[in-house]
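> Sequence lines, in order, name chains A, B, C and D.
Oh and the first sequence: position 14 is 14 in my numbering, straight run, nothing missing.
Oh and the second sequence: position 82 is 82 in my numbering, straight run, nothing missing.
Oh and the third sequence: position 32 is 32 in my numbering, straight run, nothing missing.
Oh and the fourth sequence: position 57 is 57 in my numbering, straight run, nothing missing.
Certain hints may be false.
Said to hold, decoys possible - Partial pick of chain C residues on the chain D-facing surface, computed with a CB cut under 10 Å:
1. V17
2. A18
3. L22
4. D54
5. G55
6. A61
7. G67
8. P68
9. F73
10. I78
Because the hints were derived from the structure by calculation, they are not lab data.
Every residue gets a Cβ at the ideal spot worked out from N, C-alpha and C, and that includes glycine.
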Amino acid sequence: MAKHHIEATVNGDPAEFLCETEDTLLDVLRDTLDLTGSKEGCSSGDCGACSVMLDGRLVCSCLVLGCEVGGRKIETIEGLAKGESLHPLQRRFLEAAALQCGICTPGFLVASKALLEKNANPSEHEVRFWLAGNLCRCTGYDKIVTAVMDTAAAMRKG
Amino acid sequence: MRYEAPESLEGAVALLAGAKGEARVLAGGTDLLVQMRADVVDPELIVDIKKIPETRTVTEEKGGWRIGAAVTGAELKEHTRLKQAWPGVVEAANLIGSTQVQGRATLGGNLCNGSPAADSVPALIAAGALASLAGPKGRRDLPVEDVMLGPRKLALTKGEIVVSFLLPPRPARSSDAYLRFIPRTEMDIAVVGAGVSLSLDAGGTITAARVSLGAVAARVLLVSEAAQAIIGSRLDKAAQDRLEAAARTACRPIDDKRGTIEFRTDVAAVLSRRTALIALDRARAN
Amino acid sequence: MARVVLVGNLAQVTGGVAEFDLSATSVQQLFRQLGELHPALAPHLESGIAVAIDGQIFQDALLEPIGPRSEVFLLPAIAGG
Amino acid sequence: MPETNGQTNGQHYVGTRQVRPDGVDKVTGRARFGADFNLPGQLIGRVLRSPHPHARIISIDTSKAEALPGVKAVVTREDFADQSSEFIPAGEMMMNYKDVVRNAMAREKALYEGHAVAAVAATSTAVARRAVKLIEVKYEILPHVIDVVEAMKPGAPLLHDDLFTVGVEPKPDKPSNIAKRIEIKVGDVEAGFKKADVIVERLFKTAPVHQGYIEPHAALATVSEDGSTELWTTTQGHYIVRAHCARLLGLDIGKVRVTATEIGGGFGGKTVVYLEPLAIALSRKAKRPVKMVMSREEVFKASGPTSGATVWVKMGATKDGKFVAGAAELKYQAGAFQGSPVQPGTMCAYAPYDIEHVHVIGYDVVSNRPKVAAYRAPGAPISEYAVESVVDEIAKKLRLDPIELRMMNAAREGTKAAYGPKFGPIGLEETLNAIKKSEHWNTPLRKWQGRGVASGFWFNIGGETTVSLTVNEDGTISLMAGTPDIGGLRASLSSVVADELGVPYDKVRPIIGDTGSLGFNFLTGGSRSAFSGSMAIVEAAKQIKADLIARACKLWEAKPDQVEFSGGAVKPLGALAEKVKPMTIADFAKTAGKTGGPIGGIGRINAQGAGPSFGTHLVDLEVDPETGRATILRYTVAQDAGRALHPAYVEGQYQGGAVQGIGWALNEEYIYGDDGKLQNAGFLDYRMPVASDVPMIDAILVEVANPRHPYGVRGVGETPIVPPLGAIANAMENATGIRFTELPMSPPKVLKALKEKGLNKA
């Protein structure tokens, strides 16, 4: 059958694309819209490298069909930095060496931003459980968790 | 592969009933999409039910709660009053996968995926939840424990879908809880799951209880012997032992990559006790 | 004369002889002299061998000097993950 | 380091926590990893893999697939010439091209579930998926063997009828699954045991574990009609990939240009070729670019885990705690082809200790599993886990503090290593002292909590390395290295360049060059890239400084002794200082054309003098006696870095290695059914630690300078995964009184053991 014609909003801009029913939102972002910042680590929702916001809700884009997102708002890692300036989480990740290879970093940043929007003062326990769906094999999570908590503290000070 | 997102129940039922090849209902998609990727299923038709209002709402009904089959775990978590009435059901729904998965995964999907290890199902069964179905012959209600017949086998007829769940009214001094065992702290499939719902009289004696166990048999079990073991008690040590014994007897697990028969049986006993004690504390607080 | 010790399986090739005193002043000479003493050993010296000279491990270093009283060990080559 | 370096203000960047130059791209999604590259007209490649663990391939019929519209090429064993038997280094082990070609594409037999049997290139993923299903393969299913001990038994299913055990006399006349027997012998171990007052003997078993990098293997190849080949791939060593592909496909090395994409983790697993030769073969046939990406399932089933093993250890000590003898027998799974890391396993087993009599025997054994690949300190965690467990038992038997016992026997400068040569300056004692002094070591524990300590060793290596430094027209510096940056390399090397040339850190721009742009580099592995890269940079910087001094002398009509290079400038000395002003690198750069042309240097070295790195780990955990689940409560790592070029990324290596070790110890394992098929080929059931499974990992940087490196650097990447297995097993014993000898210590095993002792009640 013919491809689906979908219109959605991606990082604040109108986006229009064609996709097959079986194409996931991750396939669409990476292969059709050339937004390769979202990574495919497992395609089964177990690694979080493809994390995006869908209508303000944190999801794995590998578990959403492209044809489901008509008329909806999608935010990806590419939309995190506003204009010239990096998001405070992005800056803190750099300063704190909270990434090694960097493949999981976009997913962690999108997920961490979602956390801080819900909870401005998360405990270490809350950060670790919120991020449990984001696998990192390099850092042992220490510097990531620290960076998220430090960013939260800095943002609370404003 | 066709994709349809009807806005009415009738539309959805008609599509499913009329499907030539394999048809699948799409709610959160957290199981369906994985199975499609792995070539486990290759449906001819996918019917997305999220545009049907009844599947997406949580409403109070006759003192109880009606939860749409396509409401996500994350949405349930944000529903303060539901969480207060049925903390076990809400926490079970929020043990399914990661934060990301909870943003998509639904009670309807978790049940209809037909896994004996589904986290929310023991909690729903313990709660005495009714599944409200719609099909070519109209609407009917089924107790949740009767929806799943075995791994990937459901009591639904062709064209029939789970629309919502009805949780009964809560008397005073009632509450519920759900615990599961996994090797990690998150992200695993339950090796054992235990749901307990109970009510107390003014003196703190258990007047009513339902106990359900997941991942210890081909389907999620409602263990009435376990409930009987604690009804009329204040969950003293003797009652706890009776509860554990009943849970053990009920287990008919398998050896697999996630756990052995011996391990599942032992842990089922431990979890049913621990879950009951949490439910008891909560009930006392109400 | 440098003291030369074969570690691991190399000694099997020399019929159990694991220690030598050789006048070699470089790894290249060492390999040549060992090859002459035990022709069967020669192919094993071409690759996959590390040489420890007075405690310092060298790999693929034919030209590395060996002192008159150096203690030399021939080991399997090492890489890593 | 030479005091003539550093900034005009005397500042040094080495040893400080600079922001990585490649960082912004990695936090914005711009950085391009393996699967992020695409070319116009590109096809999608997909692999057909064996469903059987062991089967003879009778025939492969690709006609239906080739007839499918959109299919542009299909390759099978027919498209790869057989290779003669020749051993080459691959990761930490020697690999044979005869095996490399067979692992890339099955020939006579499929030797494990997931073994590549054919590959297609088509116009879309959907078409490629359909095409693969249309390939008809006739198999003669053969009996399989998975377990290493089973595989060694006479009469076990034979993987290779031409595999005769090496290292046994007399040479065997029958083939077997035992590829090699190796032996390390120091002193007379039997005599040693006679001197022992206490002897502990144990048999251990470890499960195969995967490196678990989050980025699946990916490759994009394009071959033109004249045979010139370009390849983009995620690898730890693009020069090694070039060598393997040129060999397997009969190409001139000069005609193959390989670009290493950003790499999403490797840990040793990306040191060999899988998709690369297939993508090139498909592109050569289709005359179009071909992109291939593995699914996670393929990564688990077809790329290298590390060995599972059976390890027997026997140690003897005097009553006052001096180790007098150590024996061990290691049986390591190699997977379907020989080449397990059993050799380093035998050499590392007793390396941390000063023992007069050591005898270690190792076996390299094939079975119907994916060929193992290097994994962080390959072979060492397995044998050192067994030894560290036994050391702990000896401490308990002798009522000695486990740190004191290790201190008493610790290898130090001048100690004859158990594998032969004497150690130079090393830091094992310092790491033990650091742990002993830590607040962690001195905090009390509650019931069901346990504390464990273990030490670990890895050799580290140097190796062939090329870097180039280019002084740009405005005085900024371009650094080109040829070892993929897997975790902060660019930051570490840029600090060294800044200090060597006396320019600000942010004026140095590092890139990882492709194989056509820079001379040969051995791969990123063996904890070598920062060690060797910084050595090569010192060489390249010397050339630049000498050149600038020469130019200054000509311009100033001065003698070399009248000038010096310091603080990023050539400065006139003495009387000359009255006449002329210092010239900065930027001053020279502006007028380079007038003083002899472009300015730059190239460091080409085979780095020697790698310094071993020792570490000691301390862990607290709590066991739930009713479920057998262990929770890691607290963790401290102390390791000798020699000199930490970038402390934050060194800490990162310690913390990441510790958590990989936690996974290995508690939950990670390859689970096979009786059918010889892998049952947990995904992140759901291959249980790597998640953020909520682990605590903060305290990292203590011990710095015992390596005298053979200009900055004192030692490799740090591998040692951190060695101690965790022993430390956690020792903590489990401390918590439960039970010595666990099988990894992983997963809840079902732990609960069973507790039940047998009647301890399974809170």
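> Each hint should be assessed against the structure and marked as holding or not.
Now for the hints, and whether the structure bears them out:
1. At its closest, the beta carbon of C:V17 sits 13 Å from a beta carbon of chain D; the interface hint therefore is violated under the 10 Å criterion.
2. Hint status for C:A18: holds, given a least beta-carbon distance of 8 Å to chain D, under 10 Å.
3. At its closest, the beta carbon of C:L22 sits 16 Å from a beta carbon of chain D; the interface hint therefore is violated under the 10 Å criterion.
4. The beta carbon of C:D54 is positioned within 10 Å of a beta carbon in chain D (closest approach about 7 Å), and the interface hint is therefore held.
5. Hint status for C:G55 relative to chain D: holds, with the closest Cβ pair at about 4 Å, below 10 Å.
6. The criterion of a C-beta within 10 Å of any C-beta in chain D is met by C:A61, whose closest approach is roughly 6 Å, and the hint holds.
7. Interface restraint check for C:G67: the shortest CB-CB distance to chain D comes to about 14 Å, outside 10 Å, so the restraint is violated.
8. The interface hint given for C:P68 is violated, since its Cβ lies 18 Å from the closest Cβ of chain D, which is over the 10 Å cut-off.
9. Restraint check, C:F73 versus chain D: the minimum CB separation of about 4 Å is within 10 Å; hint holds.
10. Here the hint on C:I78 is kept, as its CB sits about 5 Å from the closest CB of chain D, short of 10 Å.
This entry does not satisfy hints 1, 3, 7, 8, going by the numbered hints stated previously.
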